[in-house]
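Start from chain A and add chain B according to the hints.
Keeping their order, the protein sequence lines are chains A and B.
Be aware that the first sequence starts at 1, since it is given in this note's numbering, and climbs by one per residue.
Be aware that the second sequence starts at 1, since it is given in this note's numbering, and climbs by one per residue.
Calculated from the structure, these hints are not laboratory results.
You may find that some hints are simply not true.
Pairs involving identical chains hold if they fit within one copy or between any two copies, as the list cannot separate such chains.
[What the hints assert, rightly or not] For lysine-lysine, the following PhoX-like pairs were computed, each having C-alpha atoms within a straight-line distance of at most 25 Å:
1) Lys-464 with Lys-275
2) Lys-275 with Lys-142
3) Lys-157 with Lys-427
4) Lys-142 with Lys-123
5) Lys-254 with Lys-327
6) Lys-34 with Lys-140
7) Lys-213 with Lys-157
8) Lys-112 with Lys-140
9) Lys-407 with Lys-123
10) Lys-464 with Lys-123
11) Lys-464 with Lys-327
12) Lys-48 with Lys-363
2 protein chains.
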Amino acid sequence: MADLDFFFKPRSIAIIGASETPGRIGYQVLSSIKEGGYEGDVFPISIKNKGPILGFEVYKSILDVPSPIDLAIFALSAQHAPEILKQCGKKNVKGVIIISGGFKELGAEGRKLEGQMVEVAQKHNIRIIGPNCMGVLSPKAKLDTFFQPRYAMTRPKAGIVGVATQSGTFGISMLECFSHNEVGMSKFVSYGNMSDVDELDMLEFFEEDPETKIIAIYVEGLTDGRRFMELARRVSVKKPIVMLKGGRTATGSKAAASHTGSLAGNDTVFSAAMKQSGVVLVDDIDELLDTVKILAKQPLPLGGAVAMVTNGVGPCVVAADEIADSKNLSLAELSEETFSHLQSCLPPFCIFSNPVDITGSAKASWFGCGLEALNGDNSVDIIMPFFVFQDAPLAETIDEFHEIMKKVNESQKTMLCVAFGGEYTRKQVNKLQENGIPVIPTSKRAVLALSNVVWYAEYVRNRKSQ
Amino acid sequence: MADLDFFFKPRSIAIIGASETPGRIGYQVLSSIKEGGYEGDVFPISIKNKGPILGFEVYKSILDVPSPIDLAIFALSAQHAPEILKQCGKKNVKGVIIISGGFKELGAEGRKLEGQMVEVAQKHNIRIIGPNCMGVLSPKAKLDTFFQPRYAMTRPKAGIVGVATQSGTFGISMLECFSHNEVGMSKFVSYGNMSDVDELDMLEFFEEDPETKIIAIYVEGLTDGRRFMELARRVSVKKPIVMLKGGRTATGSKAAASHTGSLAGNDTVFSAAMKQSGVVLVDDIDELLDTVKILAKQPLPLGGAVAMVTNGVGPCVVAADEIADSKNLSLAELSEETFSHLQSCLPPFCIFSNPVDITGSAKASWFGCGLEALNGDNSVDIIMPFFVFQDAPLAETIDEFHEIMKKVNESQKTMLCVAFGGEYTRKQVNKLQENGIPVIPTSKRAVLALSNVVWYAEYVRNRKSQ
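Pulled out of the complex, with its shape left as it was, chain A reads as follows:
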């Protein structure tokens, strides 16, 4: 396992190219470190600014700092990188994050500059994250190196998902959607051009990291496809790996090349290889979030039989279509006992089939009855309630509803809810998700993510039975 701890819990940090101008990278990074509540020593380095900046004393060079430095963050123009790396070497810095762009992604000259920088780093045994990246978030160590201001981007809580991303923008998307869906992160790394630390390092790191239980990754190109496959195959039986791949097609690959300088490979071969290695491949950020969310909040399903209960069937009809199109899901055949149970506690104008339609007149207690009945049915692997929070009878019994849902979620079946709406619905969704119950807005997204999770659960069962 690569020792990368100094990136995630450094005892001290230098910001090279610190600025006193809000909006500039060298200011924003410092501001994030301060506002994040980082407790180690912080040393802004600047030739121009005398400081103090944000209360921190400023040094002209890293070599002037009187105490040791674990991590340096580079926010100057690219051409200064090799010289600064030399100074970092002298100072025995362990890791450097190069936020700045202007390297490989610009073509031949930039590639040369990046090579020079890496050479210096290797000579001094320094690890590099970047260049052309956002750096790290390490919630437990209260460390974030982002140049995105807190008013514009929310940071997620500490949690069990480890994130590695080549694209900073997808990194931002993950930070925001994880935050707004009550999914916590263990560690987050945006490594841009991957001049040194890459997806292989991060996969090895996450494999051993006790805080990380699920791995989410965005890649454009892989450093070493064969090695990644071997590693993924080893890791995936222990921790699910959910991967979004940019540059699947020639068109996308060309766009990727002019971005982080990566070359992507053949789509079909790649997909097959990833599946063999147990990697859950997704197509977009929504699918990534939805899949990770179920994995993070719920037990793995024992099969693909889905039971639905709802106070508004329309979206269940569309979900039934999507289930029919999926390869590994089906509508559960409910038992006679389940129907008797349902009939004993629901009014006769409800519709006793799968989906169980408790109608727009449904109050919270009707959901309680429906969910309890489905929970007791052995033919059901996954319970998928669809809520219409807008309907008056449910809205008027909403507190009772949340009490019921907490109890229902104690069962060992996988539960995934679907609900779509505005502010009011959002409030109910937040409450459910805080209580560990995943909610997805639409039928299509729910079924797609569910299908991914069922595929992964089956992969693990097959591997373990071998």
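Frame of chain A; chain B shown alone:
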């Protein structure tokens, strides 16, 4: 054209089964009518409640009301429907909305009851919306008949989209997502079991309705497929029809049958027929909203050549993949003049290709430059900027950004933006959408909706050149 005006601008309304208990349908409907600001006469009808309810005098029977009634809304138990319809006949009521369920969707007996009710209505020349439905929203007449309280469901503004839906729940989804995306509605009808007014009536009505420019429709089954095709073919060259179809598959169709009692047909045949008729078929509520949003806010594209500009390329790479997979989109080949233009106003570390990567350092003015250059390029049909609002340089110049976007949107090219994020991003998205610029959160959704719109534009061009 069916005369259905009495449903959308009635001079007076009776609510049969009015209640003084919040949460009950007969109370909620009355409450929506009052809170919506309806200006005609309102007559609650109740045997149990003496009233007044919400300030309106209560009558024991519709026959006791001293003045004429255009529209009656029925919120009693199903079995009372035929008798009440008789009374409505005596009173010369023109239209009745049956909110209550308990009819065809319950099987043979309910089907019989529904038949009896329709028979009475036909005898007295009364039109019916429902049963098992939400009724109507008619923003210009300030009329809404929904039993969903305003605190739980937002109502959209008046606008150009006419909505007809068999499922009330999808109706709710459309009301909420249109509201939150600054898409206005002309008229909205949820007709549930379609005992009388159906998609054919609504299509004819929307065809002639001067307020309606776009038609959005959710169906499970069609009353008369052949007639619908003929009608759709006539309407679709004038007004786009975007359709979500539940029950495409045998599994979904079975779920639909136990819901609104509709039987759906063969998927492949249905899709082909709809395409021939110029109907844009979508798979889920997101796709419906996204497609309608572009149609409502932007001119139709002249072709499928897309140009992207961004301060964060990752999602553009995924979009390029999706464009490559689509049948009718491509990345525009930018002209030499465009590249010169871009190079003249952007720093050299930007990447001058398609996507134009103006990097995380981009301020508002850089987007101004990029968008102006793309606007001037004849090879570009669609401009698709991807915004990372979280990046400090853009966030710190956000007011200038919105000024620039307003100007850029005056061009005749189709523009569709992509942006993903939390509260801060949401604010910027709202502002853009208020100014008529559609924004979609993810690459996959954006490309899918764009492909639908390009397909429709081409369909219309082909039909018009015949």
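Going down the list of hints, with the structure as the test:
For a Cα distance limit of 25 Å, the shortest separation of Lys-464 from Lys-275 inside one copy, 16 Å, qualifies, whereas the shortest one across copies, 48 Å, does not. Taking CA atoms no more than 25 Å apart as the test, Lys-275 paired with Lys-142 passes in neither setting, with 35 Å inside one copy and 55 Å between copies. Taking CA atoms no more than 25 Å apart as the test, Lys-157 paired with Lys-427 passes in both settings, with 19 Å inside one copy and 23 Å between copies. Taking the shortest Cα distances, Lys-142 and Lys-123 never come within 25 Å of each other, neither inside one copy (31 Å) nor across copies (74 Å).
In the homo-oligomer, the alpha carbons of Lys-254 and Lys-327 lie at most 25 Å apart only across protomers (19 Å), although the nearest pairing inside one protomer, at 32 Å, exceeds that limit. Proximity of Lys-34 and Lys-140 under a CA criterion of 25 Å is satisfied intra-copy only: 15 Å inside one chain copy versus 53 Å between copies. In this homomeric assembly, Lys-213 and Lys-157 come within 25 Å of each other (Cα to Cα) only inside a single copy, at 15 Å, whereas the closest approach across copies is 46 Å. In this assembly of identical chains, the alpha carbons of Lys-112 and Lys-140 never lie at most 25 Å apart, being 37 Å within a copy and 65 Å across copies at closest.
Taking the shortest Cα distances, Lys-407 and Lys-123 never come within 25 Å of each other, neither inside one copy (58 Å) nor across copies (53 Å). In this assembly of identical chains, the alpha carbons of Lys-464 and Lys-123 never lie at most 25 Å apart, being 43 Å within a copy and 70 Å across copies at closest. Taking CA atoms no more than 25 Å apart as the test, Lys-464 paired with Lys-327 passes inside one copy only; the shortest distance there is 22 Å, against 42 Å between copies. In this assembly of identical chains, Lys-48 and Lys-363 lie within 25 Å of each other by CA distance solely across copies; the values are 23 Å between and 66 Å within a copy.
The structure fails to meet hints 2, 4, 8, 9, 10 from the earlier list, while all remaining hints are met.
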